[in-house]
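Residue numbers (the numbering used here), protein chains in the order written: chain A, 1 to 148; chain B, 1 to 156.
Think of the hints as simulated: they come from the structure by calculation, not from any bench.
Each hint should be verified, as a subset may be incorrect.
Keeping only pairs whose Cα atoms sit at most 27 Å apart, straight-line, the calculated DSS-like set for lysine-lysine is [to be verified]:
1) A:Lys-39 / A:Lys-86
2) A:Lys-39 / B:Lys-32
3) A:Lys-30 / A:Lys-87
4) B:Lys-107 / A:Lys-37
5) A:Lys-125 / B:Lys-32
6) B:Lys-32 / B:Lys-44
7) A:Lys-142 / A:Lys-125
8) A:Lys-30 / A:Lys-86
9) A:Lys-30 / A:Lys-89
10) A:Lys-125 / A:Lys-109
11) B:Lys-107 / A:Lys-30
12) A:Lys-142 / A:Lys-87
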Amino acid sequence: MNWIRKITLVLVITGSAAALQAQSGLAIRKVFDTYGKSKDAVMVELSMDVLQGYDFALFKSITISNNEEAARLARDCIAIDEKDAKKVKQVVANGVPTSVYLQLPQRGKYFRLILYNHARQPESKVTLIYIETEQDSEDVLKLILKKK
Amino acid sequence: MKLRIRPTMDRAEIDALIERYYEGLTTVDEEKQLYTWLNHPSLKGEYEAERAMLGYFKGERPSVRLVSFQWWRQVAVVAVVALSGFVAVQVFTPPVQASYAYVNGAKITNPEQVRSKAMASLAGLPSSDALVDENLKNVSTEQLIESQLDVFAGME
């Protein structure tokens with residue numbers, strides 16, 4: 001019966017690996033899952049698409065209006081995800097981060113970015129973006145910041 | 001190779017069947033036949049280890065073990081096939097374009113509209129200059145003066 005045990009062990013290990021790969025493993029996923037389909041929210045997912053000059057393997061964004069609870073959750077999640085990330089830019093107002101741009105560790109051939117902004121004027125609007133790209137994330141970030 | 005089951009006993013067949021049993025290749029019928037043979041009075045004193053393994057020492061029929069063994073074997077085979085299929089699909093299927101947007105809970109799949117929403121979300125981010133301005137704005141002149149005066153607070 002040894003071969004049965006071996007097969008079972010291989011299945012468990014392979015299954016666990018597949019499960020891990022299937023998840024993005026990021027805390028910000030909770031924001032997308034919680035508020036993606038709610039009122040006053042716009043969630044976008046682009047996969048293997050070209051977006052006016054940007055070449056993203058994955059682009060996921062959510063914009064939530066007038067929801068302080070969502071803003072708090074986004075900040076908490078970013079605080080978790082930034083532990084392994086390089087903080088590229090950050091703006092803090094009254095002790096609260098209003099803009100955070102993070103470079104996550106590269107996964108395979110993909111560079112990964114998390115971009116967060118909380119605008120207060122003319123209304124409270126949280127923007128959270130997750131990007132995976134084969135281009136160098138520095139270049140992508142420069143392009144995004146320059147295009148404003 | 002599939003053994004033909006006969007009611008009569010043949011040691012060569014028993015040995016072959018035991019070998020197949022250890023390799024996990026026996027069918028339910030073959031295992032039943034093996035149990036019957038090993039329990040035969042003429043084999044008393046022989047095949048003790050096999051009989052013990054099959055639960056036949058005191059005439060107990062290990063029906064539960066038999067079912068369990070078969071069940072695990074079937075599950076393992078099905079799981080291996082399913083996993084192979086999953087891996088094959090993942091490896092050989094080209095990436096699917098999955099672009100969509102949810103606006104106030106309503107799903108949009110029109111590629112142009114989805115791209116437009118994506119661009120709008122990018123536009124929601126401040127530029128480099130705006131970030132610098134924001135940071136400067138947050139440096140309060142009043143606080144700066146107070147902190148500078150604190151340096152001299154201990155002097156008379």
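Hint by hint, here is what the structure shows:
1. Restraint check: the Cα-Cα separation between Lys-39 (chain A) and Lys-86 (chain A) comes to about 33 Å, which exceeds 27 Å; the hinted pair is violated.
2. For the proposed pair Lys-39 (chain A) and Lys-32 (chain B), the alpha carbon gap of about 65 Å is over 27 Å, so the pair is violated.
3. Restraint check for Lys-30 (chain A) and Lys-87 (chain A): the C-alpha separation of about 21 Å stays at or below 27 Å, so the hint holds.
4. Proximity of Lys-107 (chain B) to Lys-37 (chain A) is assessed by CA-CA distance (about 8 Å); at most 27 Å being required, the pair is judged to hold.
5. Pair hint Lys-125 (chain A) plus Lys-32 (chain B) does not hold up; C-alpha atoms about 72 Å apart against a cutoff of 27 Å.
6. Our distance criterion of 27 Å between C-alpha atoms is met by Lys-32 (chain B) and Lys-44 (chain B), whose separation comes to about 18 Å.
7. Restraint check for Lys-142 (chain A) and Lys-125 (chain A): the C-alpha separation of about 23 Å stays at or below 27 Å, so the hint holds.
8. Only pairs whose Cα atoms come within 27 Å are accepted, and Lys-30 (chain A) paired with Lys-86 (chain A) is accepted, the gap being roughly 21 Å.
9. At most 27 Å may separate the alpha-carbon atoms for a hinted pair to count; Lys-30 (chain A) and Lys-89 (chain A) meet this at roughly 23 Å.
10. Of the pairs offered as hints, the one joining Lys-125 (chain A) and Lys-109 (chain A) is violated, with about 32 Å between alpha carbons and a cut-off of 27 Å exceeded.
11. Among the hinted pairs, Lys-107 (chain B) with Lys-30 (chain A) is consistent with the structure: their alpha-carbon atoms are about 19 Å apart, no more than 27 Å.
12. The straight-line distance between the Cα atoms of Lys-142 (chain A) and Lys-87 (chain A) is roughly 14 Å, inside the 27 Å bound, and the hint therefore holds.
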